[in-house]
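> Those protein sequence lines, which keep their order, are chains A and B.
Converting from the first sequence to my numbering requires adding 58 to each position, the first position being numbered 1.
Converting from the second sequence to my numbering requires adding 48 to each position, the first position being numbered 1.
Careful, some of the hints might be misleading.
Anything over 12 angstroms on all C-beta distances counts as not near chain A; from chain B, calculated [said to hold, decoys possible]:
| id | residue |
| --- | --- |
| 1 | Pro141 |
| 2 | Lys165 |
| 3 | Val211 |
| 4 | Arg267 |
| 5 | Arg527 |
Label-pair distances were calculated between CB atoms; the ranges are [unchecked claim]:
| id | chain 1 | residue 1 | chain 2 | residue 2 | range |
| --- | --- | --- | --- | --- | --- |
| 6 | B | Glu220 | A | Phe116 | 45 to 53 angstroms |
| 7 | A | Ala140 | B | Asp240 | 51 to 59 angstroms |
| 8 | A | Glu142 | B | Ala288 | 53 to 61 angstroms |
| 9 | A | Leu154 | B | Glu311 | 17 to 25 angstroms |
| 10 | A | Ala140 | B | Ser261 | 36 to 44 angstroms |
Derived, one-sided and incomplete: chain B residues facing chain A with beta-carbon distance under 10 angstroms [as the list claims (entries may be wrong)]:
| id | residue |
| --- | --- |
| 11 | Cys78 |
| 12 | Gly85 |
| 13 | Glu87 |
| 14 | Val90 |
| 15 | Asn91 |
| 16 | Leu99 |
| 17 | Asn134 |
| 18 | Lys142 |
| 19 | Asp143 |
| 20 | Ser147 |
| 21 | Leu161 |
| 22 | Lys180 |
| 23 | Tyr200 |
| 24 | Leu412 |
| 25 | Leu463 |
The set of hints was computed from the structure by calculation and includes no laboratory data.
Note that the Cβ used here is the ideal one computed from N, Cα and C, for glycine as well.
What follows is each chain in one-letter form.
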Amino acid sequence: MAPTISKQDVAHVARLARLALSEEELELYTTQLASVLGHARDIEALDIADVPPTAHPFPLSNVLREDEPRPCLDRDEVLAAAPEVESARFRIPRILSEAP
Amino acid sequence: MSSEAWGEAWETVIGLEVHCELRTATKLFCGCPNSFGDEPNVNVCPVCLGLPGSLPVLNKQAVELALRIGAALHSRAQSSIFHRKNYFYPDMPKDYQISQYDVPINAGGWLELPSGKQVGIVRAHIEEDTGKTTHIGGGGRIHEAGYSLVDYNRAGVPLVEIVSAPDISSAEEAREYVEELRGILVATGASDGKMEEGSLRVDCNVSVRPAGSEELGTRCEIKNMNSLRSLGRAIAYEAARQVEVRAGGGEVQQETRHWDESEGRTHSMRSKEEAFDYRYFPEPDLVTLSPSEDWVATVRANLGVLPAERRRRVAKAARVPASSEPVSTVVRLGLDGFVAAAVEAEADAGLALRRLANEVAGELGDDGGHHLGREEFARLVSMEERGELTSAQARSVLKIMVAEGGGPEEVAGRLGFEAMGAGALEAVVEDVVVANPREWGRYAAGDDKLAGFFIGKVKAATGGNADLRAASELLRRRRAGQ
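Full structure from sequences and hints, please.
The following block contains the structure:
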């Protein structure tokens with residue numbers, strides 16, 4: 059069976075997730091993820107044409123709340139957790155690009 | 049942009065993505081107030097700050113408003129799910145945005161422009177808004193800024209994103225689409241429609257193709273247009289840029305471009321190797337959203353009257369086409385009740401429509417405010433119709449009624465616009481005829497050009513207060529010996 063995932067795929071996904079992996083970790087995770095994906099491939103052997111996709115493991119839908127305000131956090135408490143604060147806002151380092 | 053500028057060689061293909069903030073009391077997934085203009089970071093909680101262990105719970109009213117938008121756009125409401133759109137950016141503290149991906153709540157549909165053209169709707173889905181970043185230093189530009197500040201009051205505010213089909217073919221049509229959509233969003237109560245406060249934000253996809261061709265060219269997405277005016281300018285600039293690239297034998301790169309209002313141009317936002325991969329996956333903390341048929345039917349039944357129907361009603365009353373300019377102006381400005389009032393008072397609805405689309409529309413404040421009463425307006429129209437006021441006088445009276453209120457009789461009196469009786473006008477006409485015997489001789493001999501001469505004299509003699517149509521009639525009758 060062809061490998062289900064390449065080392066390049068793993069490196070790409072790791073970069074997207076901002077994970078710095080060593081060469082050894084890359085090898086290890088590629089093997090492990092290939093095994094997980096191989097397991098999922100077993101499903102391909104089944105005829106699932108009539109089975110609707112599972113959106114959620116719980117048999118629940120429409121969990122909704124009324125549009126009623128609830129108390130927010132105390133701002134001083136919130137900002138106390140920030141590394142840097144200015145004008146009651148979170149001060150963050152220079153951003154290198156526009157929002158996606 | 050019209051294709052004329054390029055000698056019929058190219059046409060523009062435009063699709064719009066409009067983000068609309070919903071008018072709910074609370075955010076999409078938590079009970080923090082959805083409120084514009086508050087002190088920074090007062091409307092935040094563990095959910096919208098993305099603190100570990102917090103869980104989102106969907107706001108029922110946001111779903112209701114999304115369904116109303118879908119119903120107004122003739123979309124199909126369907127069972128839908130939420131996805132996580134993953135990206136690292138400080139405007140979203142969770143490092144993902146909860147949105148709808150392959151199965152949106154509203155699918156398909158169309159919107160009818162005032163011209164009668166239908167623009168296809170691809171989808172209208174629910175998602176959450178992001179926080180607001182302010183760039184400090186470097187004139188507020190992101191690339192030159194020293195650092196940024198973030199306010200999370202807006203993070204988690206409910207949005208509906210409405211995606212059009214690439215059916216729009218000019219900057220002007222794009223503006224019409226946004227205005228029409230804005231009217232629908234306000235009419236359904238889904239949004240306050242305030243573009244200047246960011247309640248309505250528009251991104252557009254622009255491509256060009258040889259005129260008459262069916263191809264869909266490589267498109268660019270344009271962001272950062274803060275008004276209808278900048279939307280029009282950005283589309284015109286971008287279409288011209290793409291034509292220049294292609295006419296020069298080059299290829300348009302698919303990319304996101306940023307509109308710079310002060311420079312009047314778009315520029316590339318990021319390099320290609322940074323192409324985004326959002327790793328969408330189903331949001332495990334939320335279950336399927338499957339509105340019942342009853343709910344959808346109730347929403348449809350209570351939708352109220354939308355702008356297209358209002359245009360039809362006004363057009364019918366005034367006996368003009370629904371696609372005519374005055375009709376769309378009056379409906380867009382919410383003045384159609386005045387046409388109805390004129391009809392009710394048996395005044396000339398066509399005249400009422402013209403006065404509303406011209407004088408009243410021109411005198412409205414920036415916020416659309418005015419002091420004009422409906423019955424008073426209808427009485428003014430009747431007075432003009434009966435010749436008790438000339439059109440010039442009626443226009444002057446109307447401007448004052450719009451700015452200050454009051455009834456037409458009182459305002460006309462204040463301005464010294466006494467109704468000039470038929471006898472008084474006849475006397476004035478007689479005076480000018482007697483004073484200009486040579487001109488009268490030529491007019492009497494059949495030279496109709498001289499009518500204008502006498503009308504001018506009547507106008508001067510009465511200080512513009514005469515009903516000039518009546519004066520013309522008097523001249524004709526005097527010549528005919530009646």
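> Does each hint hold? Answer for all of them.
Do the hints match the structure? See the list:
The beta carbon of Pro141 of chain B sits about 9 angstroms from the closest Cβ of chain A, which is not more than 12 angstroms, so the claim that it is off the interface is violated. Remark: the non-interface label on Lys165 of chain B is consistent with the geometry, its nearest Cβ contact in chain A lying 32 angstroms away (cut-off 12 angstroms). With a cut of 12 angstroms on Cβ distances, Val211 of chain B stays outside the contact zone with chain A, its closest approach being about 17 angstroms. No beta-carbon of chain A is positioned within 12 angstroms of the beta-carbon of Arg267 of chain B; the least distance is around 17 angstroms.
Distance to chain A confirms Arg527 of chain B as a non-interface residue, since its nearest Cβ pair spans about 74 angstroms, more than 12 angstroms. Judged by the Cβ atoms, the range 45 to 53 angstroms given for Glu220 of chain B and Phe116 of chain A holds: they are separated by roughly 50 angstroms. At roughly 31 angstroms, the beta carbons of Ala140 of chain A and Asp240 of chain B sit outside the given window of 51 to 59 angstroms. Between Glu142 of chain A and Ala288 of chain B the CB atoms are about 44 angstroms apart, so this pair departs from the stated range of 53 to 61 angstroms.
Hint check: Leu154 of chain A to Glu311 of chain B, Cβ distance near 21 angstroms, so the stated range 17 to 25 angstroms holds. The given range of 36 to 44 angstroms is broken by Ala140 of chain A and Ser261 of chain B, whose C-beta atoms sit roughly 54 angstroms from each other. For Cys78 of chain B, the shortest C-beta to C-beta distance to chain A is roughly 8 angstroms, which falls under 10 angstroms, so the interface hint holds. Interface hint status for Gly85 of chain B: violated, as the beta-carbon distance to the closest one in chain A is roughly 14 angstroms, over 10 angstroms.
Restraint check, Glu87 of chain B versus chain A: the minimum CB separation of about 7 angstroms is within 10 angstroms; hint holds. Taking 10 angstroms as the C-beta contact cut-off toward chain A, the hint placing Val90 of chain B at the interface holds, the least distance being around 6 angstroms. Below 10 angstroms, beta-carbon pairs count as interface contacts, and Asn91 of chain B has one with chain A at about 6 angstroms; its hint therefore holds. Of the supplied interface hints, the one on Leu99 of chain B holds, with its beta-carbon coming within about 9 angstroms of a beta-carbon of chain A, less than 10 angstroms.
For Asn134 of chain B, the interface hint holds, since its Cβ comes within 10 angstroms of a Cβ in chain A; the closest pair sits about 7 angstroms apart. Hint status for Lys142 of chain B: violated, given a least beta-carbon distance of 14 angstroms to chain A, over 10 angstroms. A least Cβ separation of about 9 angstroms between Asp143 of chain B and chain A falls short of the 10 angstroms threshold, and the interface hint therefore holds. The interface hint given for Ser147 of chain B is broken, as the beta carbon of that residue sits about 12 angstroms from the closest beta carbon of chain A, more than 10 angstroms.
Violation of the interface hint for Leu161 of chain B is found here, the shortest Cβ-Cβ separation to chain A being roughly 31 angstroms, above the 10 angstroms cut-off. With its C-beta approaching chain A no nearer than about 9 angstroms, Lys180 of chain B sits inside the 10 angstroms limit, and its interface hint holds. Here the hint on Tyr200 of chain B is kept, as its CB sits about 8 angstroms from the closest CB of chain A, short of 10 angstroms. The restraint placing Leu412 of chain B at the interface with chain A is violated, with a minimum CB-CB distance near 33 angstroms, outside the 10 angstroms limit.
Evaluation of the Leu463 of chain B hint against chain A yields a violated restraint, the C-beta minimum of about 51 angstroms exceeding 10 angstroms.
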